[in-house]
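Got chain A; can you put chain B on it based on the hints?
Order-wise, the sequence lines are chains A and B. Residues in the first sequence are numbered consecutively from 431, following my numbering. Residues in the second sequence are numbered consecutively from 431, following my numbering.
Among the hints, erroneous ones may be present.
It does not matter which identical chain is used: a pair holds within one copy or between any two.
Once the Cα atoms are required to be at most 27 angstroms apart in a straight line, the calculated BS3-like pairs of lysine-lysine come out as [stated by the list, open to error]: (1) Lys-1063 to Lys-957; (2) Lys-1106 to Lys-1035; (3) Lys-1106 to Lys-957; (4) Lys-457 to Lys-828; (5) Lys-544 to Lys-652; (6) Lys-978 to Lys-924; (7) Lys-652 to Lys-668; (8) Lys-957 to Lys-978; (9) Lys-1063 to Lys-1035; (10) Lys-1063 to Lys-1106.
No lab work stands behind these hints, which were simulated from the structure alone.
Number of protein chains: 2
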Amino acid sequence: MPVDPSLIPFFNPHGVVIIGASHDPSKLGYGLANNLIRSNYQGVVHFVNIKGGELLGQPIYTNVLEVPNPVDLAAVLIPAPFIADALRQCGQRGIQAAIIGSGGFREIGAEGAKLEEEILEVAQQYRIRLIGPNCIGLLDTHLPIDTTFLPPPGPTPGDVAFISHSGAICAAVIDWARGQGYGLSRLVSLGNQADVNETDMLAPIADDPYTRVLALYLEGIKDGRRFIEQARQVVREKPIIALKVGRFEGGQRAVASHTGALAGQESAYDAAFRRAGVLRAETSEEMFDQARALAWCPPTEGRRVAVITNAGGPGVTAADALESLGLELAEFSGATNAALAGILPPAASLHNPVDMLASATPDQFAESLRIVLDDPGVDNAMIIFPTPPMFTAGAVAKAIIPVIHSAVKPVVVAVMGERLIQEAVEHLRAARIPEYRFAERAAAALAALVKRGELLEYAQAEPVTPVQTLKVSETFRVSDVDSILDAYGIPTAKMELAQSADEAVNFANQVGMPVVLKVASPEISHKSDVGGVLLNLGDEAAIRTGYKEILESARSASPRAEIQGVHVQRMIPSGQEVIIGAVQDPQFGAQMMFGSGGTEVEGLKDIAFGLAPLTMLEAERMLESTWAGRKLKGFRNLPPADRDAVLDVLFRLAQLAADHPEIAEIEINPLRVLPKSQGAVAVDVRIQVAN
Amino acid sequence: MPVDPSLIPFFNPHGVVIIGASHDPSKLGYGLANNLIRSNYQGVVHFVNIKGGELLGQPIYTNVLEVPNPVDLAAVLIPAPFIADALRQCGQRGIQAAIIGSGGFREIGAEGAKLEEEILEVAQQYRIRLIGPNCIGLLDTHLPIDTTFLPPPGPTPGDVAFISHSGAICAAVIDWARGQGYGLSRLVSLGNQADVNETDMLAPIADDPYTRVLALYLEGIKDGRRFIEQARQVVREKPIIALKVGRFEGGQRAVASHTGALAGQESAYDAAFRRAGVLRAETSEEMFDQARALAWCPPTEGRRVAVITNAGGPGVTAADALESLGLELAEFSGATNAALAGILPPAASLHNPVDMLASATPDQFAESLRIVLDDPGVDNAMIIFPTPPMFTAGAVAKAIIPVIHSAVKPVVVAVMGERLIQEAVEHLRAARIPEYRFAERAAAALAALVKRGELLEYAQAEPVTPVQTLKVSETFRVSDVDSILDAYGIPTAKMELAQSADEAVNFANQVGMPVVLKVASPEISHKSDVGGVLLNLGDEAAIRTGYKEILESARSASPRAEIQGVHVQRMIPSGQEVIIGAVQDPQFGAQMMFGSGGTEVEGLKDIAFGLAPLTMLEAERMLESTWAGRKLKGFRNLPPADRDAVLDVLFRLAQLAADHPEIAEIEINPLRVLPKSQGAVAVDVRIQVAN
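Next comes chain A alone, as it looks inside the complex (with noise of 0.2 angstroms):
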């Protein structure tokens, strides 16, 4: 995908000048030019320090005018308010691309910002893009090139991206890399983000060949649809995973649905990252233990996991390991239990998982293992064992490292222990062969291998929009409900404003006996909770009764509400009730919400989320995770109902939703399911128009 030539000079620039280069080992200054030039970076290394003198054998200039050819990039690590001047000074330089470590900004509070402002301003006017500014700059390991001002060591090269909000999260990230034995290809610290987000780096960081997987530490997005088409794109190439921080910001919204009430910041990250292909971690630990085996092993065809063990607890905690993240025991063909009992002692268990006893050696460990993922009903294999009583960890590691190799499946190792295993785990770690301690998180990296071949069709999958022309005029107006379901063809229940009891009973004889009857209120949103409606009214007498006793109800009830009358409406036929509501998110646009309906939406919680427009995929996703999609299909005594008219009315109202950002909420609550063929109709329906 294409790289935004503004960016090319942040990983490959001819010429880097740091702007704040000290003598002081003390100050982060000196850090940043040391990790340049200890960087092994190829290109030409400038210093500038109004004080001039000379740095680590090189001149240190006074002025970034002063800097000769060939320059680039600008690493500007001085105080907050001198910054504006010296990246004028590089505009009129020709630097166009600046990192800017120095805190001080919007970070600090309003006069920070104030300073934010103006180097933004600055930048746009000189053309300039800026990284950061409050961030501790960014690496590449293999160009190499290293801008930041941590304490060396630096990461080790290798195939893990990482971008992140957060410098400390930056150092943790290279310290742990390296005890944990993988390399980063590049990282970048973004800080403030006066300019280049986290959006802005996914294709400059995926078009890097050494970069086979990209870790996302993120604590917001700035622009959610452009972040997901961006990450639609890479995720086709290399798989991207993401730690979302923050989700508990607190802090209640005025909401005037269900949906509204249910719906929020987390539930819309989940279904952006779904829909972009991203895979989400819940911590830091997982991102990187995930990471790997994305980085390290081929593609998975399934979740079908073939165990190899030399004792019993090690087989039994793999399998429930395995199990609870959903992925399977493989069942072994008969040629594969005949060819383990070829090699394996009489009491060994040859079936899944295999417990070759503790006298295993490390060629029973290796063949073993070549038998299994030789078996077309394994689609992948963990090894899993404490160091084997009679010989060494690192000895079964070197017999099994060239299985895996020559393997087209993914493999992962759980050698357990610590301290005896050091060997068995270099060794591991030498040949990229994804190993951890523990057999929970051995098996979360190969169900981050399944997720992310579903995350591939996620993200491949295109929306469903149903609606192709209109039915009226687009001049309706987004308040008037009943126009607007009716343009995007939702079947409503006709209802008609009645003002008196006379009105009620001729549109009761229009519509059809029997009927329903509820108040008409804007101000009222649960009305059956005002005792504002009355069902399955047959007859002129109990229509003129009903409509008399609903006004009184809602006006006890909600003494100050405008009552506007009563509404009639054609008495659905029964069955099942399901909610379907969308709501406008800030970052991704509109999101969608289907479950259970009827009054106790937020209790049962029966729900699931999707952003609008849906695909065929999400769709399906947000029906069979929850009972009330589930429950369509039939069950029991309960016949089928119309799943395909629910598809078709949650498709439409995504459509609707996605159309009108202005509409800030809209819920059908209960849209009436008729049995399979017949239909579905929206009986009540709840619409907020933004301020």
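Only chain B this time, still in chain A's reference frame:
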């Protein structure tokens, strides 16, 4: 708590004989002899091997009978077929405790099982207590003694005890413990548990003054009720944390009720651990992460946590981790904020999480910690930091250790990184302060402390037994639903069996119209599925038609079912419908279920489980963890229901199920709950007596 005297020799023998001691370093019998000698065991060590000779400077006897005094423990590692004889000689020699490491017993099939029975018979004959067979032995690092045959090094002395059903897991745990910087006090590998099992070991291990926490790896529990009783006593003094594996053993059971379909081994283990006050870990890693905190931290008074950090990213990560585990960010007092402001720079964040900024000094870490621990609104603290750019992590660790040691509140530390933080980690481990690499694991350790407090209350609660004297003679047949519910004081909708339409009308006049008609057939479980239920019949004609209709529907739906007639029942006023059921669990006895009633119980899965008889704490938890239970307090237009009546029925059914293990399943569905103070009525009840 009292320790069975027959088990004392295992941990405090005067003399140990190794039967099967070997010269050959590749044999386990050599490893065992070597470990015992190297362990610095202060009693007398004897060796036996039919070949005789000398080993490690001591004579090898050819027979146990030749071994001189003192000797009261045998560690046996000879082939399975010779063990019965060796045990007989032990018995003759007066040795009444033996650890049998050898395999070749029940784990290899029928032949081995026979050998196992044989050794057990010998043991019983001579009153010898057995650990094993097929185990790796046991050790005590403080006595010290080591009767395992694992390759050295053994564990360092510490305060975590480990009881395991898997020898391989013991080997891994010893190695993990070393690498993760905690020591073990005692370790027991139980093997096949021919005699001594997990429950037997609780009291002797808890009795060890060096043990501060017991960690259990369990593949099952032999005598569930006894385990609960023993564990309940142990946890008053020392926490127990258990990993129960083998969750997914599959296999469908024949069940007659929703409760039977939904209650399973795992829900029973969950309820049993809660009743026993035992923490349940999900993974081995979690078990030992949390065991360290349980061993080393003071008890916590609550869920409010203060977080201290030097950067934004770690702070938000910590906040997420805490909140997702149900902990809370403490709100600081004004005094705390003022004190923090006095020592931190102006740009620092004084609110929780406290972000001291990257410039934070070791002294600022220590002083900030002291300040937040002094706040009465803080129950616990977490310090989280990557290596500070200007200081070492070790310097921070040294500064905070004295503050943590003098604190009466728990403090956990997340030091982010791996290689750069080794010095910090070593200081913290030496000071016995729980340290982790990631926020989530540190948060989980604090959550375990909170859970420990809650579980103590569960363990100490007493069962509620509302039924003091049964209303009828205990000779009622348990299959007679009405009489047994009546005996336990559970209100039912009186039901009469009509065998003709005339009888149905007569009964309707007796119980009072309107009535409900239900097909009477022991073979039809879900009556409404076959058209076997008609509601609200208010006159003779309707009852006559209904009687006919029900028989026809039921016969056509279930042509082979025995149909006894139609039950006539008073129509109970409407109200919320819940399900209350009980099934017998093979390990733990009667297991109770509460939740949303009706026909969709398995679909909705709004259910909770507990063991009978129930405590008030457990019953309240069952109600509050389901929507059905929470809704009883009222919801929107739903008025409060008679929640007390639900609790009363729950306790009564629990008592009934506990009293009558011959009832395999009993289920009230629905229990109709009337408005507050008006009671609850069992509308339909199903009972299944064990064959």
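Verification of the supplied hints:
1. Within a single copy, Lys-1063 and Lys-957 get their C-alpha atoms only as close as 30 angstroms, which misses the 27 angstroms cut-off; across copies the closest is 21 angstroms, which meets it.
2. For a Cα distance limit of 27 angstroms, the shortest separation of Lys-1106 from Lys-1035 qualifies both inside one copy, at 26 angstroms, and across copies, at 25 angstroms.
3. Taking identical chains as interchangeable, the C-alpha atoms of Lys-1106 and Lys-957 lie at most 27 angstroms apart only when they sit on different chains, with a minimum of 24 angstroms there against 29 angstroms within one chain.
4. In the homo-oligomer, the alpha carbons of Lys-457 and Lys-828 lie at most 27 angstroms apart only across protomers (24 angstroms), although the nearest pairing inside one protomer, at 46 angstroms, exceeds that limit.
5. In this assembly of identical chains, Lys-544 and Lys-652 lie within 27 angstroms of each other by CA distance solely inside one copy; the values are 20 angstroms within and 70 angstroms between copies.
6. In this assembly of identical chains, Lys-978 and Lys-924 lie within 27 angstroms of each other by CA distance solely inside one copy; the values are 21 angstroms within and 40 angstroms between copies.
7. Taking the shortest alpha-carbon separations for Lys-652 and Lys-668, only the intra-copy value of 22 angstroms comes in at or below 27 angstroms, while the best inter-copy value is 50 angstroms.
8. For the identical chains of this complex, Lys-957 and Lys-978 are intra-copy neighbours only, at 15 angstroms inside a copy versus 41 angstroms across copies, given an alpha-carbon limit of 27 angstroms.
9. In this assembly of identical chains, the alpha carbons of Lys-1063 and Lys-1035 lie at most 27 angstroms apart whether taken from the same copy (20 angstroms) or from different copies (18 angstroms).
10. When the C-alpha separation of Lys-1063 and Lys-1106 is checked against a cutoff of 27 angstroms, the pair qualifies only within one copy, where the shortest distance is 9 angstroms, while the shortest distance between copies is 37 angstroms.
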